[in-house]
Every structure is written in structure tokens, then in C-alpha cells.
Amino acid sequence: MSGSSVRIGVLALQGDFALHGRALARSGVDAVLVRKPEALEDVAGLIIPGGESTTLLRLMGEWEFVPAIEKFHAAGKPIFGTCAGLIVLAREVENPRQFSLGLIDVTVERNAYGRQRESFQAPGAAVLDGRRVPVTMVFIRAPRIRRLGAGVEPLAEHGGETVMARQGSVLVATFHPELTEDTTVHRYFCDLVRRAPAVA
Amino acid sequence: MAELDELRIADKKHIGLAEMLKGGVIMDVTTAEQAKIAEDAGATSVMALERVPADIRRDGGVARMASVKKIKEIQKAVSIPVMAKARIGHFVEARILEALAVDFIDESEVLTPADEHFHIDKFAFRVPFVCGARDLGEALRRIGEGAAMIRTKGEAGSGNIVEAVRHMRALTSGIRRLTTLSPEELMTEAKNLGAPYELVRWVARAGKLPVPNFSAGGIATPADAALMMQLGAEAVFVGSGIFKSSDPARRAKAIVQATTHYKDPDVLARVSEELGDAMVGIETAKLAEKDLLQTRGW
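Taken in sequence, the protein lines are chains A and B. Sequential numbering from 1 applies to the first sequence in this note's numbering. Sequential numbering from 1 applies to the second sequence in this note's numbering.
All the given hints hold, so there is nothing to weed out.
With a straight-line cut-off of 30 Å between C-alpha atoms, the simulated DSSO-like cross-links for lysine-lysine are:
1) B:Lys12 - B:Lys76
2) B:Lys208 - B:Lys12
3) B:Lys36 - A:Lys36
4) B:Lys263 - A:Lys71
5) B:Lys12 - B:Lys72
6) B:Lys36 - B:Lys69
7) A:Lys36 - B:Lys208
8) B:Lys208 - B:Lys263
9) B:Lys76 - B:Lys36
10) B:Lys263 - A:Lys36
11) B:Lys208 - B:Lys191
12) B:Lys36 - B:Lys72
Partial selection, computed: residues in chain A whose CB lies under 7 Å from chain B:
13) Gly15
14) Gly51
15) Glu52
Covered stretches of chain B (in silico footprint by chain A; criterion: 3 or more residues with CB under 8 Å from a CB of chain A, positions within the stretch not fixed):
16) 22-32
17) 123-132
Keep in mind that the hints were calculated from the coordinates and are not lab data. Built from N, CA and C at the ideal position, the CB exists for glycine as well.
Kindly generate the complete structure, drawing on both the sequences and the hints.
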């Protein structure tokens, strides 16, 4: 495997970054925990994990991660956000309105299914590289994608709504593939990173 | 190795919420304004309380679940998860908290126990539970009852980290010890620990608990939070330490930074500057046995 030496960062300010690291390792990729913006220079892709988006934003602001991630994105390097990571990456956030990076043209509503009592797990399917693959979806105080921009490609649905999507080098999911043993979604992201022009 | 799915433990989505709270700070609050300060400072969650542990300790009397009105006000004020405490064994307080859609129920020794023999059957609820533990046996008993998260107890309301350190060290050394035992030793060890055999066997192989392990009880400074993280805590609860200090917003922000950058002494030094006064604190060795909160629960 020519791409096995690729390194992918996981933003390790707060949240389930260790589980993303485990999923990357199982996908045959070196995971690098990113706690300072300088660490972004050594990685070809970045995962923004689940956690609390308000906490992530505060910690990102403290360390000037916003311009660093914008630069990372402008260089064509892929970014994957799950749940809180999606909220941080979205163009617009509701419930409540809050700052976001705007790197994918979607509007998301936070905690849109309700509180933890309404969290759930469901079998689902994604269409990745033209192939339909089963994916177990765990939704935890999950957001909902309320608007999908024209340039955004839906990759998976649940209950008739898009729960995973991609715009160019930015991949997002409202659920948590890192909580399951299945590495399908992470392997898809690793392939995006390997194929990205910045790496080639 | 036995997969997590084969154990009878809390639901994956509930353990999942605990996973999302890792690397963060859960703050005790008694009003909606305090909850907002905590959220703005970067708390991952707030614990709704009638009184912080230091005041419970000072005022005495029976400490119960927070009032429904207070919990609702706090839920309305913030977008982060809201936790609340139920008395040990008080499954009706827990039902009320479930009806309020509290995100995590803390079956807590900080409140006056309602049952001296039995903890709550946590599998019977649609919301997750966190429980305190002082050692591996206690942690595994609570996980066996369905807790989705463990927090070492420390001594709540003391502002003194020594008990939190004692309990975290007891837990991690208990786990390490299990990993050195041969299969035929595990049943006797389960008996000695008073813990479910299947969980003992799983921990012996995995070298960790099957649910996240946080630290509570005595954290008053950024250095305290970083110490607990370095000793193996995956996140921290701060009770009286924030709103009993002279500048809560500033201290809350500093503890959030310290919990993320717990291995970086330069960051810890920077955030520890100009914090104002910490809560005064109590020398726990001088507390009478009857005044300890950590000995509640079993």
C-alpha cells in the first residue's frame, strides 16, 4: 500500500478524539493528536471529533486554530467532522446561532433530536464511491442538517434526511462512526486524504 | 477478547455521550447565570445543584435532588448537556430526572443516601448514570448495575485533591494488577473485589474500564485538574472549586485550558497566572469519619 505512510491529525482539544485515533489506526493510518496549530503542518488530513462544539470553539479560539484550519482547507487538505466537528465546519448553525468555520455549505441545527434521552442507534447505509455499504449509525444529542447547499453531495440518509455529506475535501457526518468497530467511513476518509492533490 | 458488545453494561449511546465529554470539565452550578458562565468558559456540561458540596458540608441537613424549577431554568439557559444528582438508591428522584430529560444522572454520595443497602438499577432508565467509586471493586459494581461513566469520588466540597489522588491511584493500580493475573486467579480476585466476574475478566484483558473514567471531589486549581488527567482521569468534575473562588469565570476558563493541555507545563503556568483566590479548602485528614462523603455508597 503506497498510501500507508500518510499521517492524519485528530483535533485533540476535547471530545472523543482517542476513538478517532483508534479507527484511523485500524484503517492502517498513523494518527497524530493535534493540540496546537503547528501540528497541522505535519499531517495530510484532519478529523474534528465529536464533543461539545461550544467547548471546541473556545479552545480553538484560544490557540488561533481558526486561521490555521482555514489555511489547511485552502491547501486542499481533507477535513472530516463528526457531530460537533460538523457543527464547527458548517456554513450556518442554529439552536443557538453560533460562530462556525463555514467550510461546507450546510445549515445545521444543534441538538435537533432532543436531549440524551432521545439519542439512538440505527442501522443505515451510505453510498461511497458509487457503492452502497451498510453503516451502523449512533446519534448522540445529534445535530440535523437543515439545508444542503448546491455543491454538497449527500452520502448517507436516515429517515429521509441527509446524515453524511461531502463538499470537495470536506466530509461531515451527524452520527459517530468512531463509536463502532466498523471502519468503513474512516477508510473512505483515508482514501480522500491519499487522493488529495496536496499529497500527490 | 470478549468484545464490549458481549458484556451486560450500559447502552452504547450512553457510553458514547461519556466519550464525547472526554478531555473536558463538568462544572457544578446552582443558578442559570452560573450555568451560562460555565458554558461561556468552555464547560462540556453542567451539574445542576441546589447547593454546592462545600455549602452542603457547612450547612448540614438532608441534601436532596435539585428542585425541578431550578433544573428547568438551567436546561433553558445552556445548550450543553445538563446533569443532575439523585440520592444513592433514590430511584424515584432518578425517575423525575429522567422525566425532565436530564442528560446524565449522578447517583451521588454528595447527597444524603436514601437507601443504605442498594444502589439504583440503572439499566431500567432511558438516560445514562454516572457513579462515584473509590477503588476498582466499587467501580465494577456500579458498572455492573449499568453506570455509563465512573468518576472517582475524592472528597467533595473539600478543595483538597488528596482524596481524589488516592482514589484514582487505587483504581488504576487495581486495573494494572488485574492485567498481571493468570486466568485461574480471576474468579478469586472477583470474589475479593466483590465485583462481577465477567467485568473482572474483561478489565484483566483490556487493561481499562469498559466505560469512561473521570475524576471528581477536591479539584480547585488548574494544576489539580492537570494532575488528575496525568494520573489517568479522562475528564474532570469541578464542584465547589469554581463558584467558591474569587473569580469564577476566569478560574473556569483556566481549568478548561489546563484539562486540555494537561501535559504542557508552559500552558499550565500561563493559565495559572492572576487567578485570584482559590476556595479555602479543608485538610481532609482532620475530618471525622462521619463527616466524610466518600464513605457513602458501597
